[in-house]
Amino acid sequence: MGADDDVFEDDLKMTGCGAVALPPNLRVERQECGKEVKWLVFHEDKRGAQGKLVAQLHECGAAGEPTRAEERQGFIKAVSVRPKLRGQNVALALLEMCKDFMRDHLGYCCVLLEAEEDMARFGKLVGLYERAGFEVVDMPNGSSFKMLYNGDETYRVVPMRCNLRAQGGFLVSQMQRLSLVHALAKREATRSSTRCTISIWDALSRSGGLARATSRMRAAESCGHPDWVQFLALVQHLGAFSRQGDWGQPVAAVEGADSLSDLWLAGMPATTAQAAQAGCEEASIKLMGEVEANSGDQTELQAPHLDGVQPVWSDDEYLYTVFEKNACVLPSAFLHMLRFRRLDKLLQAGVYDKILGPGDRSALSWVHLYAQLWRNALLPAALALNSDDPASEQDLLRAKMLARKFAPEPLAW
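If you're matching positions, the sequence shown starts at 1 in UniProt numbering and goes up one per residue.
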């Protein structure tokens, strides 16, 4: 899966609730041929498939004997997406469709894949699959991964799996990434170390998504919002640098549905009924509440006010920590909107009323405003552009002005 993987890396994001929506101009067809199933993506204005996922169905065990459906495994042979569809969650949608089909229609227990990871970008591809719900399979007897060589390039073949059914009590899906301990460790690592020192404008230029960023900025301006809200719309995607190993490579923001990990306060479970009011899947919320309730992650950090809580580690939390450690002069509402926009549904449903302090209601109104702005204006404006479309000269000048105004000095990232 190595050659095709580079095409869709920017699309991957771990999800825990809800379906991943494709843009309206795309449709997916499933084709079944013997033990092979394909999902093909078509664009209304283009000929031929614009993306595909090929999976193989295994109905026999290691000895060649038929197995029960709940013991059968699927294997993803290849995933590819055309470059112009990057950043639109196409690959993620294909992976979710494949997993749903194998779980709900075939009753399979898990899906496997082999990630051919370039050693020059060690950990990047495997990390992306982990955020998509897969985990590395331990090699037998402590043996090392198989290596592939192509000229001067070296690849390691990493077997991975995603459980589709409960394995010993819980559906395994990288739960440690949702814990308070993990979030605090990542936050402290970001505060105490510096990967790079560059300006906001340089970061925007390196992000590979400048046109979409300026389109969000322009959408915020057209809605009549002040310049600091426009600045937030401009830089929101820079949190994706938390997943970037090499700062010399562009990193496109994932535009699309929010994930369960982005919708939770680490170490603070909510009741299933409350969370269901926010439109999240009841089963996923119940599982998340059970895991957090039994994790022993409660600490004094979970203070009775909004600034005293710790969201699960995400791109937004990384960018918040960067602004915080650089002591940028920004409105407190800016930081609340950046940090808690994905929590809007839960906050509006009253799930976390018990932690709100006297002054937090004003912050909630700003968070709700920005969450609505993101869903109704900023995200549609960004998705209307291709990732390689150039930004207009006027938008570039406006973006430079905002960057100089709110972050005149280079930031430690």
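By construction, these hints were calculated from the structure, which means they are not laboratory data.
Quick caveat: nothing in here was measured; it's all calculated off a predicted structure.
Don't be surprised by glycine CBs; every beta carbon is placed ideally from N, CA and C.
One or more of the hints may lead you astray.
Unchecked claim - Below, computed lysine-lysine pairings styled on DSBU-like, alpha-carbon distance capped at 35 Å:
1) Lys77 <-> Lys124
2) Lys186 <-> Lys46
3) Lys345 <-> Lys325
Claimed, not checked - Quick list of simulated restraints, FRET-style, between CB atoms:
4) Lys354 <-> Ala412: 46 to 52 Å
5) Gln31 <-> Phe145: 45 to 51 Å
6) Asp138 <-> Glu32: 40 to 46 Å
For each hint, the structure was consulted:
This hinted pair checks out: Lys77 and Lys124 have alpha carbons roughly 19 Å apart, not beyond 35 Å. Using a Cα cut-off of 35 Å, the hinted pair Lys186 and Lys46 is violated, with the two alpha carbons roughly 43 Å apart. Between Lys345 and Lys325 the CA atoms are separated by roughly 28 Å; this keeps the pair inside 35 Å, and the hint holds. Evaluation of the 46 to 52 Å hint for Lys354 and Ala412 yields a failure: the beta carbon distance comes to about 35 Å.
At about 32 Å, the CB distance of Gln31 to Phe145 disagrees with the hint of 45 to 51 Å. Range check, Asp138 to Glu32: Cβ separation about 32 Å, and the 40 to 46 Å hint is violated.
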